[in-house]
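Number of protein chains: 2
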Amino acid sequence: MGDYDIENLEFLFNPKSVAIFGAGKDLNKVAGQVLLHLKMGKYKGKIIPINPKKETIFNIETIPSIKNIPEQIDLAIMAIPKKYIFPALEECIEESVKFVIILTAGFQETNLFDENSRKEQEKLKSMLNLNTRIIGPNCMGIASTSSNLNAVMGINPIPLSKTNRNMSFVSQSGTWAARSMRCSIKHDLGVSKIVSSGNEIDLTCEDFLEYFSFYDKSTQVIGSFIEELRKGRKFIKIASESKKPIIILRAGTTEAGSKAALSHTGSISTRSNLYESVFKQYGIIEATSLSELIDYLRAFSIFLAKGIMPKGNRVGIYTVGGGMGVLASDKCVNEGLEVVNLSTETIDKLNGVSGLPSIWSHNNPIDLIATRDFSTTEKVLKILIEAEEVDMIISITPFGISHQMSSLENLPDMPQKIKEFNEKMLQAYHKSVVDHLLKMAKISNKPIIIPTALYSTDFPYQYEEISDLMDAGVCVVNNVGDAAKTLAKLVKFQEKKTK
Amino acid sequence: MGDYDIENLEFLFNPKSVAIFGAGKDLNKVAGQVLLHLKMGKYKGKIIPINPKKETIFNIETIPSIKNIPEQIDLAIMAIPKKYIFPALEECIEESVKFVIILTAGFQETNLFDENSRKEQEKLKSMLNLNTRIIGPNCMGIASTSSNLNAVMGINPIPLSKTNRNMSFVSQSGTWAARSMRCSIKHDLGVSKIVSSGNEIDLTCEDFLEYFSFYDKSTQVIGSFIEELRKGRKFIKIASESKKPIIILRAGTTEAGSKAALSHTGSISTRSNLYESVFKQYGIIEATSLSELIDYLRAFSIFLAKGIMPKGNRVGIYTVGGGMGVLASDKCVNEGLEVVNLSTETIDKLNGVSGLPSIWSHNNPIDLIATRDFSTTEKVLKILIEAEEVDMIISITPFGISHQMSSLENLPDMPQKIKEFNEKMLQAYHKSVVDHLLKMAKISNKPIIIPTALYSTDFPYQYEEISDLMDAGVCVVNNVGDAAKTLAKLVKFQEKKTK
Chain A
97 MGDYDIENLE FLFNPKSVAI FGAGKDLNKV AGQVLLHLKM GKYKGKIIPI NPKKETIFNI
157 ETIPSIKNIP EQIDLAIMAI PKKYIFPALE ECIEESVKFV IILTAGFQET NLFDENSRKE
217 QEKLKSMLNL NTRIIGPNCM GIASTSSNLN AVMGINPIPL SKTNRNMSFV SQSGTWAARS
277 MRCSIKHDLG VSKIVSSGNE IDLTCEDFLE YFSFYDKSTQ VIGSFIEELR KGRKFIKIAS
337 ESKKPIIILR AGTTEAGSKA ALSHTGSIST RSNLYESVFK QYGIIEATSL SELIDYLRAF
397 SIFLAKGIMP KGNRVGIYTV GGGMGVLASD KCVNEGLEVV NLSTETIDKL NGVSGLPSIW
457 SHNNPIDLIA TRDFSTTEKV LKILIEAEEV DMIISITPFG ISHQMSSLEN LPDMPQKIKE
517 FNEKMLQAYH KSVVDHLLKM AKISNKPIII PTALYSTDFP YQYEEISDLM DAGVCVVNNV
577 GDAAKTLAKL VKFQEKKTK
Chain B
97 MGDYDIENLE FLFNPKSVAI FGAGKDLNKV AGQVLLHLKM GKYKGKIIPI NPKKETIFNI
157 ETIPSIKNIP EQIDLAIMAI PKKYIFPALE ECIEESVKFV IILTAGFQET NLFDENSRKE
217 QEKLKSMLNL NTRIIGPNCM GIASTSSNLN AVMGINPIPL SKTNRNMSFV SQSGTWAARS
277 MRCSIKHDLG VSKIVSSGNE IDLTCEDFLE YFSFYDKSTQ VIGSFIEELR KGRKFIKIAS
337 ESKKPIIILR AGTTEAGSKA ALSHTGSIST RSNLYESVFK QYGIIEATSL SELIDYLRAF
397 SIFLAKGIMP KGNRVGIYTV GGGMGVLASD KCVNEGLEVV NLSTETIDKL NGVSGLPSIW
457 SHNNPIDLIA TRDFSTTEKV LKILIEAEEV DMIISITPFG ISHQMSSLEN LPDMPQKIKE
517 FNEKMLQAYH KSVVDHLLKM AKISNKPIII PTALYSTDFP YQYEEISDLM DAGVCVVNNV
577 GDAAKTLAKL VKFQEKKTK
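Chains A and B, in that order, are what the protein sequence lines are.
All letters in the first sequence, in the order written, are residues 97 to 595 by our numbering.
All letters in the second sequence, in the order written, are residues 97 to 595 by our numbering.
Keep in mind that the hints were calculated from the coordinates and are not lab data.
Where hints are given, some of them may not hold.
Any copy will do: because identical chains look the same in the list, a pair fits if it lies in one copy or spans two.
Below, in silico cross-link-like pairs of lysine-lysine (DSBU-like), each with a Cα-Cα straight-line distance of 35 Å or less [stated by the list, open to error]:
id, residue 1, residue 2
1, K407, K163
2, K313, K527
3, K313, K595
4, K445, K179
5, K327, K538
6, K140, K407
7, K542, K149
8, K333, K376
9, K595, K376
10, K313, K339
11, K475, K138
Model, not experiment: these values are computed from the prediction.
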């Protein structure tokens with residue numbers, strides 16, 4: 097195909113109108129789900145359900161054919177049986193629909209055991225042209241906060257991000273695309289745009305990476321889940337020229353994974369180390385797990401939005417548990433960060449903190465040993481924020497109130513007076529760990545990252561605290577290792593930028 | 097010191113009586129907390145609060161001095177100012193108290209800036225003898241389920257495990273000791289015994305590892321958080337001779353971490369790779385993060401209790417998200433597991449599963465592509481349990497009900513009818529993912545591990561599902577990488593055992 101102006105993706109993410117082929121009332125069917133999501137998500141444009149049997153769904157009248165619509169259609173979504181896709185696509189091309197998302201599965205990805213499916217994908221390919229671009233087939237859809245576009249299949253609507261809408265994501269895994277959107281529900285991941293690219297018969301993840309990198313002003317952070325890069329040269333050009341962090345999770349790097357990928361999105365990936373070396377050379381930030389991916393995306397999203405990236409690699413650690421401090425120091429050093437020696441000035445200031453026991457560690461990490469004075473966190477963090485030798489801060493502050501409360505419930509025999517005493521203490525503690533952290537995160541000109549230092553499947557006990565922090569855009573990760581890894585990525589990106 | 101019969105630790109974990117020095121009503125003070133914990137935890141022995149001012153606390157009369165007690169005291173706990181520790185310890189030695197736990201901090205660990213503290217620790221050392229053994233100083237205490245002994249400092253009582261009480265843990269980090277106990281509250285970690293060993297002036301982690309390995313019948317899995325091994329030869333002997341899995345998280349492996357450790361427990365660790373090679377040679381299972389530590393402990397605890405360890409390294413993967421399957425395959429291969437080709441017999445059986453769409457992946461991983469038939473999980477898992485070529489199973493089953501419900505709440509405009517429809521669907525889904533998994537986990541003679549495949553700080557959305565599974569002793573981890581790593585450790589241990 098010839099040249100295509102990638103800037104046109106603007107119409108995909110901010111379409112004036114969306115037509116849904118096969119839209120019906122049945123929410124067990126994908127087309128019905130998408131229609132519901134568009135409606136419930138308060139999509140800003142016009143929704144046009146297409147159904148030969150004229151009916152009214154969610155107070156919107158369906159239209160029998162796309163040919164009946166006088167206006168220009170920016171986006172059409174197809175979740176119809178394979179055999180209907182070809183005539184529908186022909187109609188879209190005739191009507192100059194700008195983008196078609198094909199959610200329907202069963203093409204190239206099943207070719208291992210179905211030659212016919214491969215042929216159908218080839219037939220689709222032969223229909224490609226520059227006026228009507230295709231996303232998919234075999235994808236989950238797209239979402240875009242700027243137009244409240246929630247064109248995603250699934251059981252129920254996914255509300256879009258409320259704040260920090262600066263992170264855009266393209267995923268060759270549909271599940272993961274949907275999943276990352278779900279992460280944005282309460283603990284705001286700052287989603288601007290999400291694309292599930294599926295089999296990539298036409299538009300590939302490279303196209304979206306290009307758009308996010310060079311054309312989309314609302315994107316500050318770019319993420320991707322890839323099984324195979326189809327346009328290597330284009331990818332390298334983007335990676336080397338993009339001024340935005342690009343964070344990628346790769347799958348299909350082993351033979352077994354590669355085989356699985358083939359039956360997933362129909363891609364043939366490679367287990368060579370080619371990707372790894374390309375990523376390294378061009379400063380792509382690689383995540384090795386879903387958790388890392390979200391950690392990195394969230395941290396970049398938060399700190400770039402606030403404009404407080406680390407100026408160097410020197411980290412100050414505050415801890416109320418010695419073992420955690422030791423572990424955090426190891427993890428920082430292993431990630432190339434410097435657990436900086438505190439200056440005499442900083443140590444003097446810390447010695448003056450009421451509430452910090454005289455037996456505090458007297459260096460970095462700042463270990464409280466044990467204290468009941470709940471204002472210490474704020475005082476210590478303030479000194480670290482002011483310390484010239486510190487570029488970023490890890491605050492290991494145990495959370496507890498919801499956990500502790502649930503623990504109290506397990507002890508029904510406890511005398512009322514003691515229960516009340518405990519509750520009072522716990523509330524004071526909550527005030528310390530959450531309010532003080534929030535206050536400091538707000539005034540800080542340095543990244544502060546908060547490892548909960550608790551095992552994550554036990555998180556529900558601390559949900560209240562973490563929820564408060566996340567909602568306020570404070571960067572919370574699961575444990576000290578995650579904190580070190582995440583900060584190291586920020587530092588690396590800053591180094592690349594200033595090179 | 098001469099020989100000591102380590103079997104005597106029995107009296108530490110099942111003491112007939114516990115004396116608490118300095119016990120008072122003030123719950124801001126550690127001695128008061130410990131007294132409360134013992135009482136609330138329903139400790140099976142006699143509690144003896146010692147306080148010169150005779151008073152009644154929680155309906156127990158204090159006794160002015162340990163000399164006033166006619167019977168043998170098995171355990172004394174001290175959380176009193178340093179200067180009182182020496183006379184109190186002298187009294188304990190005179191009265192032949194078997195064990196003394198010194199919670200008080202401020203000894204060796206502060207010697208970087210306080211020569212006097214070091215001297216005090218030396219003085220303590222000079223008082224050591226074989227009749228009265230010391231745990232600590234600068235520790236958090238111990239817990240033992242067999243005697244309902246909850247001798248731990250902290251804000252409030254920590255209930256002990258209800259089931260699978262086969263995991264014992266010794267930690268040089270007090271925070272971590274307390275933390276792992278907290279993990280056992282609802283999501284049963286199967287705690288038998290936990291020891292915070294602190295500065296290890298007398299009894300060290302090696303002593304506890306020896307006891308757990310060779311003397312304690314109730315322990316099937318052993319865990320440890322170490323900053324420094326003080327008795328290297330003993331450790332190697334235990335590691336090479338123990339028939340139980342020993343899982344260790346090391347801290348203080350870098351210079352910065354080591355420096356932090358010095359001001360934490362007063363230990364001087366080394367950043368050499370000595371530990372690493374010793375661990376490898378003697379089959380110690382190394383965890384590199386708190387999450388890994390808990391994952392491994394929990395998995396060994398569950399599968400050893402059930403007696404269903406993997407017979408080989410061949411893994412079967414079931415997934416309802418293709419990308420997750422690809423990622424899981426990679427992670428398995430990277431961990432030395434085989435993503436086994438399914439036999440013709442197994443594939444034939446799977447083809448016969450109603451509800452599995454005809455476009456399912458037709459090999460391992462078993463990818464459903466998309467289905468609304470909620471009984472598929474159970475049917476597929478049953479076939480994998482029966483498959484001779486499969487030694488263990490990863491079931492990537494998205495959870496959802498609590499998450500989806502919370503998502504519905506965010507859409508108040510949704511028509512009531514649709515809301516009800518969604519709720520019905522979600523409940524059916526919940527039934528599928530939880531009930532079916534539980535049913536299969538119960539009948540399985542192979543380990544089944546369930547990655548939630550969602551980012552953990554977003555766990556609260558799935559809390560209900562995970563809670564149900566964990567409570568039933570099903571092995572849930574955060575993501576596919578954790579699942580692969582955990583299963584690989586089981587395989588490695590089995591290989592070591594059968595060598």
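We went through each hint and held it up to the structure:
{"no.": "1", "hint": "K407 / K163", "result": "neither (57 Å within a copy, 62 Å between copies)"}
{"no.": "2", "hint": "K313 / K527", "result": "neither (38 Å within a copy, 44 Å between copies)"}
{"no.": "3", "hint": "K313 / K595", "result": "within (23 Å within a copy, 61 Å between copies)"}
{"no.": "4", "hint": "K445 / K179", "result": "between (74 Å within a copy, 29 Å between copies)"}
{"no.": "5", "hint": "K327 / K538", "result": "neither (42 Å within a copy, 48 Å between copies)"}
{"no.": "6", "hint": "K140 / K407", "result": "neither (40 Å within a copy, 57 Å between copies)"}
{"no.": "7", "hint": "K542 / K149", "result": "neither (60 Å within a copy, 52 Å between copies)"}
{"no.": "8", "hint": "K333 / K376", "result": "within (14 Å within a copy, 43 Å between copies)"}
{"no.": "9", "hint": "K595 / K376", "result": "within (15 Å within a copy, 41 Å between copies)"}
{"no.": "10", "hint": "K313 / K339", "result": "within (12 Å within a copy, 60 Å between copies)"}
{"no.": "11", "hint": "K475 / K138", "result": "neither (45 Å within a copy, 39 Å between copies)"}
Against the hints set out earlier in the document, violations occur for numbers 1, 2, 5, 6, 7, 11.
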